[in-house]
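Go ahead and model the full structure; you've got the sequences and the hints to work with.
As given, the protein sequences belong to chains A and B, one line each in that order. Heads up: the first sequence runs through residues 1 to 549, numbered per my numbering. Heads up: the second sequence runs through residues 1001 to 1229, numbered per my numbering.
Hints listed in this document are in silico derivations from the structure and should not be mistaken for laboratory results. Among the clues, some could well be false.
Only pairs whose alpha carbons sit at most 25 Å apart, straight line, appear in this in silico SDA-like list of lysine to any residue [to be verified]:
#	chain 1	residue 1	chain 2	residue 2
1	B	1142	B	1069
2	B	1096	A	46
3	B	1142	A	218
4	B	1105	A	216
5	B	1142	B	1132
6	B	1220	B	1069
7	A	216	B	1069
8	B	1096	A	58
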Amino acid sequence: MEEVFARAWRKTGTRLMLLHLLLLPAGPTNGERFDPPGKPSLISCRSPEKETFTCWWEPGSSGGLPTTYSLFYRKENSDEVYECPDYHTAGENSCFFDKNHTSIWVNYNITVVARNAQGSASSDPVDIDVMYIVQPHHPENVTVSLVQGENPYLQVKWEPPHMVDTRSGWITLSYELLVKREKDDKWQEHFAGQQKQYQLFSLHPGVTYMVKVRCKPDHGYWSEWSSTTYVDVLDYIPRERSMWMLLAVFLAFVFLILTWVLTLKKNSVKHWLLPPVPGPKIKGFDSRLLKMGKSEEIFNALISPGFQVPLDSEDLLVDYLEVSDSPWPESGHTPLLDRKDQGKDPVGDDCAGDVPAVVAEKCGGEEPEAQGCRQNEDPHARVGLLPGNGNCQPCVQDPPYHVSEEFPKGLPPVAWENDKPPSCSGSTPARGNSDLSNEYVSEKWQGSFPVTKPDQYVEVQKVNQENTLILKPKAEEETEDLLQLALREQDYSKVSKLVNDRILLLETRPADPSSRCGTGSSPAGPPAKPALHQLQNGYVETFNLQPSH
Amino acid sequence: MNKAQGSVWLLLWFGRGMLGYPLECRAAADAGRRCASIPLDKLLERVVQHAELIYRLSEESCTLFEEMFIPLTMRAQQIRGGNTCSTRTFAIPGSKSEVQQISDKWLLHTVLILIQSWIEPLFSLQATLDRYDNAPEVLLNKTKWMSSKLVSLEQGVTVLIRKMLGEGTVTTESHQSWTVAAWESADMMESITRDYALLSCFKKDAHKVETFLKLLRCRKTGSLSCLPI
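Dropping the structure here:
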C-alpha cells in the first residue's frame, strides 16, 4: 500500500519536472518567431553644400533577429548598383555620400534593404537629384552691436556656414533675420538678401533685443536658425525728459497767466465768492466822524448841507438891536440898542434921524429910513428913543429904526462899552445925516466890533454907570442849538407894532410890563424900562433895566 | 505643318542673325554713330538674372504640368526611367571640383550649347500643349515666356563670348530627340509622358546654365554674393 503510494508520487513528480523542463525553455522560444525584417523607409536626404549628401532611413520592425541595413543606389544612365560608401559618418541609420561619390545633375535611385536571418525587406526606391536637396547649415558668428549716435541702430553681422562655398559662386545664399524685443510675443522678419550684414533702426530704449539668422540657397531649403543673440539697448532718448520739461514750462506759463488774470479781477472774484452784505447808510451821515468822536461836526454835517435858510421868511431872520453911544441930549441915558429889523415899518418922520442905524453897511438904500442905515457910524441909533429933532422922544415906542431889508453880512454885533453918556441927540436927524459924530462912535464901533454870524443876537449884560447897555453877542456861546433857542423864546416878547417910529409896542405878557411909555421926555425914562432885544424870530426880550443913576 | 516648321526655323535663324549683337555697336557698320556698350559685370549680371528667371519658370511649369496631367502613382516612375534626359555628345561635369577645373571658355561654350539645344523643343512643346484640351492658360503662358527668355539669354551669352573670348558666334544643332517630328503620332499618354520628361530635363539643364553662369560671374567680377563678408 505504501509502496503503491510512493510509486505514484514519484511518477507525478517526474512528470511535473519534465513538464516544467519542457515548459521553461519553451517560454521564450514559443513566443518568438523569427521573421524577416519589416520594411524600412527612407526619410530624407540632404546636402549641406551641394557637394556631399546624406540619406537617413527609418528601420521597420526587426523581426526578432539582428537586422542589417544596407543602402543601394543606381545612377542615372547606368544600371550598375552601388552600395553606400559610408554608414557611420552621419550616425545611425544613415548613409553619407562624400564628394567623390556625389554627382550633381544626376539622378540617384536609392533603396534601403533590411536583412536578417529570416529574410530581407527593401524600401521603396527614391529618386534624388542633389541640386534639389540642398539645405545648408545655419549662419555662423552672428554678432549684434549697438551703434551710438543721434539715431542709434543695431548692426547685425554674420558669416555663411563654413562648408558652403559662396566665394566661387557655387552656391548663392540668401539670408533672413528674426528680431524681437525680450517681452514681445511675435518675431519680426527681415529679409537681408545676399548681404551678410543688416541694420535695425527705430529701437526702443532700455530694452533687450533678440536676433537670429538663417540662410537659404537659391534653390533649396531654409537652414535652421542660428542661436539667439541678445543685446541690450541703452536708454538713449533724452527726448522724454525734454518733453516733460516742455510740458512743465507750458503749465507754469498757463498758471502765471491765470494768476495775473485773477489778480486783476480780484474784486469781482471776491464779489462772486463772498457777496457783500449791504449795510445801512444815512445820507449826509459820515460814520467816520462818529468814530472820531466829533459829534458836533456830524450834526453840523447833517444840518448844513440840507438845511436851507429860508431867506424869504422874515420871521426867521436875525433881528437885533444895535446899541451905540448916543450924543443926543434928550435921550439921556437911554440905552442904545442896535436893532435891525426886517420889517418895513415906516420910520420916516422928523425924528427918525437917529435911527439905530447901526447896522451895517447895508442898510438898504431905498427906504427913507435907510439913511440911518447908511451910516454904520451913526451913533444915534436908539431904540426906544426917538430922538428926532425935537419931537423925538426918548421912548422906545417908536424908535426910528432903520430897516434893513436884507441881512447884512458880517453884521457887527453890538456889544461895546461906551463911556460916553448916551444922549438923545435930536440934532441928529436920521435922514441923511451921515456925519453926525460919526467918527466918534464909529471908530469905536469899528474898532470893537467882533464879526459874528448874521443870525446872532445880543444879550444885554448890564447897564453901566453912564446908562449904557452893555451887550454881548449871543454867539459867544459855542453850542447854540435849536433847543436853546426854543428855550429862549419863553423870555421874549413879541413886538406888536411900532408907534410913531419911536415906540415899540410889545405884546402883553403877564410879567412883562407894557412898554408903553408915553413921555419920552426924560431921558432916564421909566425906571424899569425894558430893554428890547429883538431876536430873530420876532421876539423881543424884555428885561429890567436898573438904572444906575 | 512642315512648312510652318520650316518657316519658323527660317525666322529663327534670321532673327538669331539679326539679333545676335543686341548690346554692342557694330564698329564696321556704324563708323559715324557713337553708342555705348555695356560693361562686363553688368552684362554678366543680366545674364545670370535671365538664367535664374528661366529656371524658376521651368520649375513652375513642371509643377503645373505634374499636377495637371500626371497621376501620383506615375510621378516617381518617370524619373526612374529618366535616362532620356541627356544624351549628349560631350560630357558635362557633375561635381564642383570638376566644374572648377573647367576654363571660362569651356563654360561659356557649354552654356551656349545647352541653351541652343532647347530652343526648338520648347517651341514644339508649346504646340503640343495647345493640343491638349484642358491645358491651363497659366502653363501655356509660362512656356511661352520661357521660350522668349531663352532666346534673349542666348543672345546675351553670344555677346559675352565675344567680349570675353573674342570669338564669333557658334551655333549648334538642336537636340534631336526632342524634335516634334518624331512624336507627332504618339497617343495621349505617351505624349503626356514625353512632355513631362521634356519639362523635367529642361529644368535640369536650366539649373546647369544658371550654375555655370554664376560661377563665371564670381570668377570675373566681385559680386556681392561672392564676397566673403
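Hints and how they fare:
no.: 1; hint: B:1142 to B:1069; in the structure: holds (16 Å)
no.: 2; hint: B:1096 to A:46; in the structure: holds (17 Å)
no.: 3; hint: B:1142 to A:218; in the structure: holds (20 Å)
no.: 4; hint: B:1105 to A:216; in the structure: violated (30 Å)
no.: 5; hint: B:1142 to B:1132; in the structure: holds (16 Å)
no.: 6; hint: B:1220 to B:1069; in the structure: violated (43 Å)
no.: 7; hint: A:216 to B:1069; in the structure: violated (31 Å)
no.: 8; hint: B:1096 to A:58; in the structure: violated (30 Å)
Comparing the model with each earlier hint shows violations of hints 4, 6, 7, 8; every other hint is respected.
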